[in-house]
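S.K.: Here is what each chain is made of, one letter per residue.
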Amino acid sequence: MFAIRLKGGVAVNQQGVGTGLVLALVVGALLSFLLPFLAVALIRVLSPGTDVATRAAVAAHYGSISVVTFLTAAEFLRLSGVPFERFMVAVVALMETPAIIAVLWIARRGGVGSNLSTDGGLYREILLNGSVVLLLGAFVIGWIVGPIGEGDVKAFFDAPFKGVLTLFLLDMGLLAAGRIRQAGGIPPGLIVFGLVMPLLSAGIGGALGVAIGLSTGGAVLLAVLSASASYIAVPAAMRLALPQANPGVYVTLSLAVTFPFNVVIGIPLYLWVAETLL
Amino acid sequence: MRQLFRKKRLEIIVEGALVETVRALLDREGATGYTISSASSGRGDAGRWQRDDITPALGRATILVVANEDVARRLAEATDDLLTDHAAMILLSDVEVFRDADY
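Chains A and B, in that order, are what the protein sequence lines are.
Residue numbering for the first sequence follows this note's numbering, starting at 1 and increasing by one per position.
Residue numbering for the second sequence follows this note's numbering, starting at 1 and increasing by one per position.
For the record, the hints were derived by calculation from the structure and aren't laboratory data.
Since this is a predicted model, take the numbers as computed values, not measurements.
C-beta atoms are modelled at their ideal positions from N, C-alpha and C, and glycine is treated no differently.
Hints are not guaranteed to be accurate.
Stated by the list, open to error - Here's a subset of chain B near chain A, in silico, CB distances under 8 Å, partners left out:
no.	residue
1	A17
2	L18
3	I54
4	T55
5	A57
6	L58
7	T84
8	D85
9	H86
10	A87
Excised from the complex, chain B in its bound form (with noise of 0.2 Å):
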């Protein structure tokens, strides 16, 4: 059996207006590697939403990081603060790796 190495999964759900704000953020704040993906429709507070609407800024992205809890725990208080006006899901979990030297 290959060892497994702990780390923590970190997704951000935010409106497309604001995913270049936070990859800015997430590089000052020192992510190694980050996955955006656009997210196909959804609902929440400001109704239904999908991404073929009129302009992507309306539609939402969820930005992907596995790091070390240290940095995973900084860079979602980071964007948390950043968004503090803004709609946003920010989530911390546990997941385990293979390559623990690529996080």
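Just chain A, with the same shape it has in the complex (with noise of 0.2 Å):
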């Protein structure tokens, strides 16, 4: 994750900040925020008997994103030597967060939260989680030291990225497989809303990619970004936002059924939908 937030920081260093880079962080911050809407919306019409709390919870992390199904994504994309903006990590630092503010809002209309959600520490989690740091540390890294300071690490940071990647994917999926096992507590609406949702998402974040005249391999990206969900920073942020909401149903969407449905079948699709377009 560092490494290619590192070269994210590098091409902005190059390229200096454009408009191009402002458009999407500004349309992935929004589509991180409006996107939790949507998940509500959707989980009312395919499971009305999920509660508040818990249909709040899960649209958080179908607004928020996961980083490592971005990586699979810009791999496959330089695999299939199909080019895309590199600023594009910029984006993904962004669009964590909007959802859960979206999310306290709708929580706090439905009545539902907990004493600590106003609590100084569940902002320091939100905005200063260990991910969002490290990430754009890096990237701010990455924008100062420029090519130059890029070579210095390469050779930790880049030559063993595939391979770190796979294991990684390996682990994810082991980390998936056991929480299959719980997915058969989840009403069946909810796993079709898993595998709706992203298709959705990505949708509209492919189509706002493109309008805002990214080339395929970002718009791409974009779509992947939005169609994707969070399973790290959001589960800790809503157990402390809202206790009352299942984790069990809200991690296992994500991790078990969205994560998978991405990497094996959306990213090729949403891929295979914007050439086909284009």
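Two chains, each in its own frame: build the complex with the hints.
M.R.: Have a look at this one:
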């Protein structure tokens, strides 16, 4: 993860902060903030029996993003010879948190939440959790040091990238498989949601990507970011903010349903659709 | 035989996501020391959980405090108030220690 953020920073160092980057950041943050509202509406239709807190928590996961899914998509595009804007990695960090803010608002309106929702610790967890700081830090370091500094650390971060990603995906596969056993307890409507929501989000994200002038590869990455669901940062925030929500539902949906769906079917599908239409 | 001193042992078992919040409370409320350990696995209302799950926030941790009775009670009550909406085990028990001045 550090490697790809570093590259993103180096790209901004070389190309400067252009309109394309600013537009992608704004659209990314908007998508993260607005997709939970679509998720809540979709869960209401597909699984009306879901309680307010769990519905809101699930929605937060689908507004936020999965860094591993993004990395897999970026590598898939690279291997397929599809170029994309390197600055897209900057959008990743910005899409992690607006969804949580949106859901805190949704939850407050629904009358659920924790007395800790207003605690400073929650906002520290949302805005300054380890993954956000590490990833933003890598981006800023890449931006500052540029290609010369990147060359100095390339052997450490760049060469092992594919191997580490492979091991990481295998480990994630094991964790997801462990979670699949719990999927039996999830209402079928929510499982359907875990498969339909990424398709809708990818469609919206991809279309907006094209609308703001991203390349085919860039639009596919925005589609993947929109389609992916968080399973690291958001569960922590939801345990603090929405203790009434069932983690057995939201982590399982995100990790055991949507993550493998995106990696195996979603990413190639989004690229195929983009290449067919554009 | 060396003399033993009576103290209270406070154990707080909480979700990983809440550890820092409880730690800040203990610091604020004047705990002179505590030990935090990550729990391995278990089962509760939300089903089974284990430490090596995808995020540490879903694991559990034990926070151990030994203190004089008045301090331990105050810490226990403050923790219980703080975690009103959250699952937690807050246990108080009697213990004896050798080093009275340490607690």
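S.K.: Of all the hints numbered above, which does this structure not satisfy? Sort the numbers upward.
M.R.: none
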